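Here the protein sequences come in this chain order: A, B and C. Here my numbering is used: the first sequence runs in plain steps of one and ends on residue 382. Here my numbering is used: the second sequence runs in plain steps of one and ends on residue 294. Here my numbering is used: the third sequence runs in plain steps of one and ends on residue 323.
The set of hints was computed from the structure by calculation and includes no laboratory data. A portion of the hints provided could be inaccurate.
[Claimed, not checked] Quick list of in silico lysine-lysine cross-link-like pairs, BS3-like style, CA-CA up to 25 Å:
id, chain 1, residue 1, chain 2, residue 2
1, A, Lys94, C, Lys109
2, A, Lys328, A, Lys305
3, A, Lys258, B, Lys119
4, A, Lys365, A, Lys31
5, C, Lys109, B, Lys94
6, A, Lys302, B, Lys94
7, A, Lys302, A, Lys258
8, A, Lys31, A, Lys166
9, A, Lys258, A, Lys286
10, A, Lys257, B, Lys94
11, A, Lys138, A, Lys302
12, B, Lys94, C, Lys26
13, C, Lys109, A, Lys119
[Unchecked claim] For the chain B half of the interface with chain A, some residues (derived, Cβ under 10 Å), not all of them:
id, residue
14, Ser128
15, Asn177
16, Ala180
17, Ala181
18, Leu256
19, Ser262
20, Ala263
These numbers come from a predicted model, not from an experiment. Glycine included, every Cβ here is placed at the ideal spot set by N, Cα and C.
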Amino acid sequence: MFKNVWKIFFALAITLLMAGSVIAAPQTPIKIGALFSVSGPAAFLGEPERNTAQMLVNEINKAGGIKGRQLELIVIDTQGDATKAVQGVNKLIKGDKVVAIIGPSTTGESMAVIPIIEKSEIPLISCAAGIKITDPVKKWIFKTAQNDALAVAKIFEYLKKQKINKIALLTVSDGFGSSGREQLVLQAKEFGFQIISDETYGPKDIDMTAQLTKIRGSKAQAIICWGTNPGPALVARNVKQLGIKLPLFMSHGVSSKKFIELAGDAAEGIILPSGRVIVANQMPNKDPQKKALLSYVNSYQKLYKIEGDHFGGHAWDAMMLIKGAIEKGGDSPAAIRNQLEKTTKFAGIGGTFSYSPQDHAGLTKDAFVLVQIKKHAWTLVK
Amino acid sequence: MDNSRQLLQYILSGLSNGAIYALIGFGFAIIYNATGIINFAQGEFVMLGGMLTIFFLVFLHLPLGLAIVLAITIATLVGIAFERLAIRPLKNAKPLSLIIITIGASIFIRGAAMLIWGKDTHALPAFSGNDPLYIAGATILPQHLWIFGISILIIILNRVFFNYTIIGKAMRACAYNSYAASLVGIDVKTMVLLSFVISSAIGSMAGIIIAPLTMTSYDVGIMLGLKGFCAVIIGGMSSGLGTVLGGLLLGLLESLGAGYISASYKDAIAFIVLLLILFFRPEGLFKKKETERV
Amino acid sequence: MTKERRQILIFLFFAAAVLVTPLFLKGSYFLNVLIFIGINTMLAVALNLLLGYAGQISLGHAAFFGLGAYISGILTTRFPIDPWLAMMLAGFCAAGLAFVIGFPILKLKGHYLAMATLGFGIIMYIIFNETVGWTGGPSGLSSIPNLHIGSLVFDNDWNNYYLIWIFTLGVMLLSINLSQSRIGRALRAIHDSEVAARVMGVNVRVLKVQIFAVSALLSAIAGSLYAHTMTFISPVAFGFNFSVEILTMVIIGGLGSIYGSFLGAAILTMLPELLRVFQDFDIIIYGLMLILITMYMPGGLISGIEMLAKFVMSKIRGKQSNA
Chain A
1 MFKNVWKIFF ALAITLLMAG SVIAAPQTPI KIGALFSVSG PAAFLGEPER
51 NTAQMLVNEI NKAGGIKGRQ LELIVIDTQG DATKAVQGVN KLIKGDKVVA
101 IIGPSTTGES MAVIPIIEKS EIPLISCAAG IKITDPVKKW IFKTAQNDAL
151 AVAKIFEYLK KQKINKIALL TVSDGFGSSG REQLVLQAKE FGFQIISDET
201 YGPKDIDMTA QLTKIRGSKA QAIICWGTNP GPALVARNVK QLGIKLPLFM
251 SHGVSSKKFI ELAGDAAEGI ILPSGRVIVA NQMPNKDPQK KALLSYVNSY
301 QKLYKIEGDH FGGHAWDAMM LIKGAIEKGG DSPAAIRNQL EKTTKFAGIG
351 GTFSYSPQDH AGLTKDAFVL VQIKKHAWTL VK
Chain B
1 MDNSRQLLQY ILSGLSNGAI YALIGFGFAI IYNATGIINF AQGEFVMLGG
51 MLTIFFLVFL HLPLGLAIVL AITIATLVGI AFERLAIRPL KNAKPLSLII
101 ITIGASIFIR GAAMLIWGKD THALPAFSGN DPLYIAGATI LPQHLWIFGI
151 SILIIILNRV FFNYTIIGKA MRACAYNSYA ASLVGIDVKT MVLLSFVISS
201 AIGSMAGIII APLTMTSYDV GIMLGLKGFC AVIIGGMSSG LGTVLGGLLL
251 GLLESLGAGY ISASYKDAIA FIVLLLILFF RPEGLFKKKE TERV
Chain C
1 MTKERRQILI FLFFAAAVLV TPLFLKGSYF LNVLIFIGIN TMLAVALNLL
51 LGYAGQISLG HAAFFGLGAY ISGILTTRFP IDPWLAMMLA GFCAAGLAFV
101 IGFPILKLKG HYLAMATLGF GIIMYIIFNE TVGWTGGPSG LSSIPNLHIG
151 SLVFDNDWNN YYLIWIFTLG VMLLSINLSQ SRIGRALRAI HDSEVAARVM
201 GVNVRVLKVQ IFAVSALLSA IAGSLYAHTM TFISPVAFGF NFSVEILTMV
251 IIGGLGSIYG SFLGAAILTM LPELLRVFQD FDIIIYGLML ILITMYMPGG
301 LISGIEMLAK FVMSKIRGKQ SNA
């Protein structure tokens, strides 16, 4: 009898011991929570976002904090998993008692935490691109990443100027790709484009020649690929391999040096929409964002030895927006939310933000610029 | 464009992918035939081949040839370590335990790769450039030729080894009946070790020749390993022609399925084929049926 | 006291502990973690029925979990079906599917069975991902309604804890009952030797499929509960990685032991929390745990605890007899 009771006792004891380390939460100054996918399939988003947020918090604290109080950043790695995001958001709100949350990095995770945020009444600034996050508007949810709708519009405007109207789509079957595809299909109707081919590929696929062969045999005049590394790099290589001469467009999901590195020579000539940060040096001086862009790029480079990129910029904007809100209004969740909603003409990394009660995304299509890859570097398309 | 040109393109892509699956399948078959174990970690050796080569090439700036040799050597050493530490102590364990251990090992190797090299994807430069070659309107890359060439070479070497050398025949003897083999003086333990050596070497080589085409990262091993396993099941667990045909057939079915039915379900094709074979002809398409004594 | 009575008593002790715990954790984040431990325990016990008792390996169990979640999710968001009814339908569908594929799949043994279940799991995952019209695809399915009984809505941690754990305790009780019955003995006979069991009159083929179906049913119900608690599901949670995680929970805890399944579920759910600093190490630790436990402690941590308990008891008795 005792032997079996021991079993249960130990099982519960071990559980409770582990629980102890989870429950213990220290008390400190203004606490900002962050949900980033630092590891896992969306690490290319979460890692620069976390680095940027950390860098900013250190800078702010060194300069004396906000209204004399230090900031504490509590980062949770969600690994790109919605379940972990939900667990994380609960921990941040109930365990760490944060006053605002930055992130998550992906659309899927953001959608998962929205109900909890709305119920807990803590402001959240998401760094994900999905338009559904703030459309329809939710009281406590904001975002800094540009909507994929705006990216699509930018590409389509260019296509119209080039008098192209038959397009082929090649999108990845994950949250980012499917959201982008929805926008592509929707806006193609408005612009009067004909979608000749609508193909998809899996995030782990190693060969897209089948889909591209079909596209090669069709009447498409341009190919639009929507995905995040490494898929689009493979697509670029396959396009070159198959000898396809059609213009190739990508999404802002690959606006990072990594894409050029992976695609190599096949990247030449590809056009994509991006935030201004990757061509910060080429922006005209009178651009309102230039100051913020250069400061970000330089600080990030100094600290992390690589260039600050488009994705880290989302976290920069979120952090600075919160900083501004606390400075103007106070550090309670409700005060932060109210100030965020009143923020206009904030020149950040992703664009110039103007929020309102009906618009918690804050950007227009001018948030994007069109860039082209020439000789392994980004150039602005005028 | 012509349908025939499209078809040819699909066939070529399918065959080159199929060659890779066949190579990976060899790794499974060789270990299985010598030990009766399915090594779930086989896919990770494929990953190690590519990642190690990139490491030597990009971070230590070694020439490509040296990098490849070193990569294969280290992958083989990992295989030996795996056999020594995890397989040998459990010679007589239940099949379930062996499955769990090889799964655990595959997770461990993947995790170690992630810690050492990060989660990034890396590109290996192609062996002879990136300009496509045209064959009757369809295109392939020089790298595809490397893949075909090296695969054929390995297949021939395999055949020679298992049929014409003493050691190879000894390994086959172990596969049929390890007890009887030990009775005639074959050192079964060494044969088992040797099977791991050969499998890791072939697996890592497969990873290296495909890396320039598909790029590599710490988690490419999972899918490639699974597809290699499908290939070897179709082929009937043979270390020879059966697996080659199995791999090529799988590659073709995938490519044609992706082209003519639906690209999104491409991976599902491999597994549906796997299930069909396992349900209806588990001994593979290319082997005669065997009966089992109870 | 008979063995059976003893088991029931231990179970009551455990159930009491479970039901009382929230009183100490009001408003704490840990309550949320315990909810996930509950769901994972349900899954681990379900797999244990198949793996620990009947000895049939399955590397695709996350598929049934996902099937339950999606059927519940789809029926309650795209159609106005009552969540409880949807849950029952989800369970039946999963059991039905398991029945249909069970006959061909369970003819296989060892590695072949493992691979077949793995293939099945991946095919289901691809279906979840690609049938965007129904499942929402990779963007996931959101706004799944909470469960409710009358005016009691299960939309906060406190309520959800009890909801989940009552089901989990039910599943554990079912397993205990099963293992003590004729069916349980027949399953263990199959585990040891299918041929011998057949000779003794056990209808091996049908029994294996039946337990496979039960296991699938329970996993699907867990999936349904998961969907209604999270209100958002996406295919990522139902892939091969999670199948391996469930398997790891069962192995680490101990094959054939339901408290072992609880322990395994608890450890694996809390591991990411503990490893927050060493985040990237979690994959390596999983792999190591699997290998080391299979090699040196095949009965899982539960058997390790038993050995520890025996050791301690013998020392105590030793001192008593010396005194």
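Evaluated hints:
no. : hint                  : result
1   : A:Lys94 <-> C:Lys109  : 48 Å, violated
2   : A:Lys328 <-> A:Lys305 : 34 Å, violated
3   : A:Lys258 <-> B:Lys119 : 13 Å, holds
4   : A:Lys365 <-> A:Lys31  : 33 Å, violated
5   : C:Lys109 <-> B:Lys94  : 12 Å, holds
6   : A:Lys302 <-> B:Lys94  : 56 Å, violated
7   : A:Lys302 <-> A:Lys258 : 19 Å, holds
8   : A:Lys31 <-> A:Lys166  : 51 Å, violated
9   : A:Lys258 <-> A:Lys286 : 29 Å, violated
10  : A:Lys257 <-> B:Lys94  : 50 Å, violated
11  : A:Lys138 <-> A:Lys302 : 38 Å, violated
12  : B:Lys94 <-> C:Lys26   : 46 Å, violated
13  : C:Lys109 <-> A:Lys119 : 50 Å, violated
14  : Ser128                : 14 Å, violated
15  : Asn177                : 39 Å, violated
16  : Ala180                : 43 Å, violated
17  : Ala181                : 39 Å, violated
18  : Leu256                : 8 Å, holds
19  : Ser262                : 9 Å, holds
20  : Ala263                : 5 Å, holds
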